[in-house]
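J.: Take the given structure of chain A and dock chain B to it, following the hints.
Protein chains: 2
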Amino acid sequence: MGTVIKALSLLDHFNATRVSIGLSEMTKLSGMNKATVYRMLSDLQSAGFVEQHGDQRNYRLGTEILRLAKLREAAVPFFDVGQTFLESLSEETGETAHITLLQRGQLIEMGHVYSTTHATRVVMDAADEFSFHGTSSGLAILGFSDETFVDTILSKNLIQHTAWTLTDTNDLKAKINEVKKFGYASSKGSFEDDVHSHAAPFFDSSAKVLGAIAVAAPVSRMNKKQAEKIARLVCKAAIDFTEKTGGKMPDIYPRIS
Amino acid sequence: MGTVIKALSLLDHFNATRVSIGLSEMTKLSGMNKATVYRMLSDLQSAGFVEQHGDQRNYRLGTEILRLAKLREAAVPFFDVGQTFLESLSEETGETAHITLLQRGQLIEMGHVYSTTHATRVVMDAADEFSFHGTSSGLAILGFSDETFVDTILSKNLIQHTAWTLTDTNDLKAKINEVKKFGYASSKGSFEDDVHSHAAPFFDSSAKVLGAIAVAAPVSRMNKKQAEKIARLVCKAAIDFTEKTGGKMPDIYPRIS
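These protein sequences, in sequence, are chains A and B. Quick note on numbering: the first sequence equals residues 1 to 257 in this note's numbering. Quick note on numbering: the second sequence equals residues 1 to 257 in this note's numbering.
Excised from the complex, chain A in its bound form:
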């Protein structure tokens, strides 16, 4: 692994529950030696990617990230366009709509919109770590990922989130084949007992899967008619979102009537 990739890999250790990291902790997390980690953090700091703060001089992500995000958003208006799609999805379905991004092999929640239609709703918690095998977003993404990636994910220790979580590789492969066939995934109580969600994948300009758009509803509110409606709407949203953000649907994606 080259120096650049190694240095940037340090940024992987920042996540929703770990926003600030000290030198010793980063050394442990990275498995590299302290002097190397220090030198790399100093380089990242001088480029504005991390900054030190507080009495402990711990590292957190820096303001250069904001400049780049602003530019990326100007080039490909993900948040802006995404927000619009989430707003109409949650309004049309009366349920919680959210977008998940596949980033470095992980599922990252990019945003969500709640509906005010009902007194109860599925709440998105920033600290939730979504699993691929348990969530409709994860399954939607696996349905259109390459085989190596699917095998990597399925060969991991798959958490039994609820009594309904599939953890058997053959069961999951069958589920993934359904996703390929229908263009969306559904998950009934397999991540959280009382949540029934539907998700469809969206794609980048090389027709590589980039993330998923999902609608999550309480199981108690779901029926066949509503499930069909939501499935149709998430597929339409994912296809339109792909187009609006300069992406391309892959040839293997089914034609949605």
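Treat the hints as calculated values from the structure; they're not laboratory data. Not one of these hints is a red herring.
Short derived list, chain B residues pointing at chain A, Cβ under 7 angstroms:
1) Thr3
2) Ile5
3) Ala7
4) Leu8
5) Phe14
6) Val19
7) Ala47
8) Arg60
9) Leu61
10) Ile65
11) Arg67
12) Leu68
13) Ala75
14) Gln103
15) Ser205
Predicted model only: the values in this text are computed from it and were never measured. Using N, Cα and C, we set each Cβ at its ideal position, and we do this for glycine too.
T.: Showing chain B alone in chain A's frame:
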């Protein structure tokens, strides 16, 4: 310059008017040799910092930026908090409020809010390149930057934006001393003829200047009373913003009564 810093410096060439860059163009812009640039872009690509798109396979900023921005914003809610301050500033003044960030020696507009009070307003154009010596935001930042940085900026070729732009080093140093004394900068027609703006600096956790909050109004609508009110409000906003984002005002910042 180390490899990591060199590689990250390639990202500097992306800006509001250049969101996509081909390999040859990047080679020219960076002054490095093509093989090196290619290798570095490949590293940045595998880390998700850039991606190739379109028929030309040009590079643009990648989705890893979005993941990091999301985390940075969760750690230090700049956009969120900033938006709140801009909304109240524009409401209280009836004018355009905006935030500028100092990033790698450049002024980057981070956001703005228009007021609906008047039929005319100062419009922020994403493609505008703000100068330090011409704008109140730039001057507010120079007032609290270290001398080396001030000298670097003032030794450049200073554009005469309007008849009112100061370009003489001594005049500008006098102006900067005023900023230090009062804690804010004003610019009457020195960047655009018909704009009168006031700006105050905000600071990071090491009390280093990070950017400025400004209010820009048409010259025709400004009078002494309104100017005093705006100056007071931008100072208050910048001080409060510093505090809310985990920053620290420097000891040399004047006490605002």
